[in-house]
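**Q** Now for the letters of each chain:
There are 2 protein chains.
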Amino acid sequence: MAGLVEDLTPREDALSLVSSALGFPWGIHGGDNALCVQGCRILKDIVSDEDFPPFPRSTRDGYAVLSSDCFGASAGNPAFLRLAGEVPMGVPPSFRLNAGECALIHTGGILPEGSDAVVMMEDTDSAGDWVELKNAVQKTDNTVSCGEEFSRGDVLLQAGRKIDFRTSGLLAMAGVMEAESAALRVGIISTGDEIVPPGTMPLPPGKFRDVNSALLTSLIRGEGYQVSYYGIAEDSKNLLASVLEKALGECGTVVISGGSSVSMRDHCSSILEDLPEPGLLIRGILMSPGKPTLIAGLKDEKKLVLGLPGHPFSCFLSAYTVLLPLLNAMIWGKPQGSWRKIFLPSEETVFGHSGIEEFIPCILREGRVFPYPVKSSFSKALALSDGLYRLPASQETIRSGEEAEIWLW
Amino acid sequence: MAGLVEDLTPREDALSLVSSALGFPWGIHGGDNALCVQGCRILKDIVSDEDFPPFPRSTRDGYAVLSSDCFGASAGNPAFLRLAGEVPMGVPPSFRLNAGECALIHTGGILPEGSDAVVMMEDTDSAGDWVELKNAVQKTDNTVSCGEEFSRGDVLLQAGRKIDFRTSGLLAMAGVMEAESAALRVGIISTGDEIVPPGTMPLPPGKFRDVNSALLTSLIRGEGYQVSYYGIAEDSKNLLASVLEKALGECGTVVISGGSSVSMRDHCSSILEDLPEPGLLIRGILMSPGKPTLIAGLKDEKKLVLGLPGHPFSCFLSAYTVLLPLLNAMIWGKPQGSWRKIFLPSEETVFGHSGIEEFIPCILREGRVFPYPVKSSFSKALALSDGLYRLPASQETIRSGEEAEIWLW
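Residue numbers (the working numbering), protein chains in the order written: chain A, 656 to 1064; chain B, 656 to 1064.
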């Protein structure tokens, strides 16, 4: 324990130290996945094959015009244009506009040759073959130009993006149906004499259900990776070593969620120390909670191993702020987490300690941020909070009204 | 079209009007789901069967003490207690503490009878049978009390919560392995003569791939519901009506994503008008984008039908701010969306219009909020923004530095 405390590495230093010692990114293999696989992360930049839209199109219902034909038009001084036809949906118009002409067009319709803008329906009146335009338009108004959404060669989505509602529509627009996704599998090993499987009911005296494996599984799957569970290892160095060996044979990354007993921790750190080059790299992180985090790696075999603390909230914080960024660095080179950072004035004072990076759960109420009012209850803190206050090592307290760094889930 | 514009209903009024006209919540059936089904939403409150922890436990490595035995202890004036033993992990201690005694304890260990607090290891020194305590503790310090996480009868998770990393650990802690989840299926029908299936390559001139069905599928699945896709309906009232009938037979909610042609819109609104009681309820919403949103319902049959605009960004916004809240209201009674609302000063001026609720994409840069700088490119706006500015109908412009209402994805 003393060794751990002396060796604490600041979290961001740990991320870059591990990334460089292990030579991230590793060029992990991918698996082909249909577009509809919600939550997958794409392995390589997706590049457009085409200009989109391939023709200038209308973004409104109205009349396609040559903008110079309605220069200065207003309700008091309307322009009158001859109606040359209606643009059909789904095919290029078969006619072109001459000076002084317009064409009825619908949202998504292709602009006829000779037009360069669209006057909105509500700014017009029609009378037989003539249309009254009560508003001037500039070139390209109410249209989307050829290639405006994207052009051939444009990066549509960068490697590492997740398939979700923000990206699915874009991929469909570009006709991309399949994308190679990161096929990373993370093995989870739980340890601790007091730990019993999650479904154990009733709970025997002194036991604790395996919360960490459920939490880590959910967190890692949510990030777009696969999980294999290797059960609860008994308090024996040989047994733990053989489970780890099996897991390392089947997974790119293995997470050992920490036993509380000193002997189990000793087993874990001594097993990680025995790993081939470079072996155990980080023996504790200068953060609270989450201090007793161990990070090791096998550079040639391209394997990453983490030992996470046993307390569920510490285990979560270490996984959220260290494990997930490392997985992303391993694959895409950037130690990026999934939080959304914002700066907001805190509605209440938040007490911390200087000299260590601290994370304290926060809640949003009507768009304002408050510290989550419970001391150490894991269950309520994680389920009911909206994110974390981050207090850098240099900061002791955030005063009420002072701007705070917030990481929203 | 004129009719639509005259009948615009403010969005929040539309949500409550529909909820009350259709008698939400409907008491939708559930399906049993294993805990590990990431992204499901639980249908009923999950209530604890037990007090947790069942015994007071230590949250630190250190020594269990009776707090009054180390009253006033400090580095200069330490207290000395006799070491009575070590608390084993995973079983209740077989001994009790007498006055003047302490016991070695690890994180998660059960406090022996006679103790009420834990002194952290780093505040102690041990010498044979005696332990030197260099810090005083209060009753319950560094412990979690019996029932402190939750007690029998406590609501662990409210109906409507999603299974994700925030809730999985808590359920595992409580031994809850299965939870009934909302088994709602949403049918999606696309319309529009210009629309072709997403995989169409190359894109024929004048056509547009079916972006909206991909986007809606991803959005609805991400919310925890199932999706059935009924393809692209041709521009014929009878055909659309028969696809809708089929979809209504198989799904609790059907979404028709809007054709751009006027005739298709007319077909859609006239089909919704022909539905049984109460039929078409909302003929347009006072929001931009997303105005041409139609909402209808069948109260006796417990079915909801929406017509969404054809432009992908309008379709998305209407689904995000109207459809998803209605699905949640249908099941849990509250028209709740999935955005995270915060108030942040805008780094730049955002121009809007008064008289209509507007949504404008925003981005976060280093924790500060900016309007997303692109006019109408759907693909970039949705994939690269971090959320939306909401400008209520009463607000025209947000000045640089002024506090803005932000909805983060």
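Keep in mind that the hints were calculated from the coordinates and are not lab data.
Please read these numbers as outputs of a predicted model, since none were measured by experiment.
Warning: the hint list may mix true and false statements.
Note that the list lumps identical chains together, so a pair holds whenever it fits in one copy or between two copies.
What the hints assert, rightly or not - Below, simulated DSSO-like cross-link-like pairs (lysine-lysine); rule was C-alpha separation at most 27 Å, straight line:
1. Lys-1035 <-> Lys-989
2. Lys-1035 <-> Lys-996
3. Lys-1035 <-> Lys-789
4. Lys-817 <-> Lys-957
5. Lys-862 <-> Lys-957
**Q** Give a verdict on every hint.
**A** Verification of the hints:
In the homo-oligomer, the alpha carbons of Lys-1035 and Lys-989 lie at most 27 Å apart only across protomers (22 Å), although the nearest pairing inside one protomer, at 32 Å, exceeds that limit. Proximity of Lys-1035 to Lys-996 under the C-alpha cut-off of 27 Å is found in both arrangements, the shortest distances being 22 Å within a copy and 21 Å between copies. Taking the shortest Cα distances, Lys-1035 and Lys-789 never come within 27 Å of each other, neither inside one copy (59 Å) nor across copies (32 Å). In this homomeric assembly, Lys-817 and Lys-957 come within 27 Å of each other (Cα to Cα) only inside a single copy, at 23 Å, whereas the closest approach across copies is 34 Å.
In this assembly of identical chains, the alpha carbons of Lys-862 and Lys-957 never lie at most 27 Å apart, being 36 Å within a copy and 46 Å across copies at closest.
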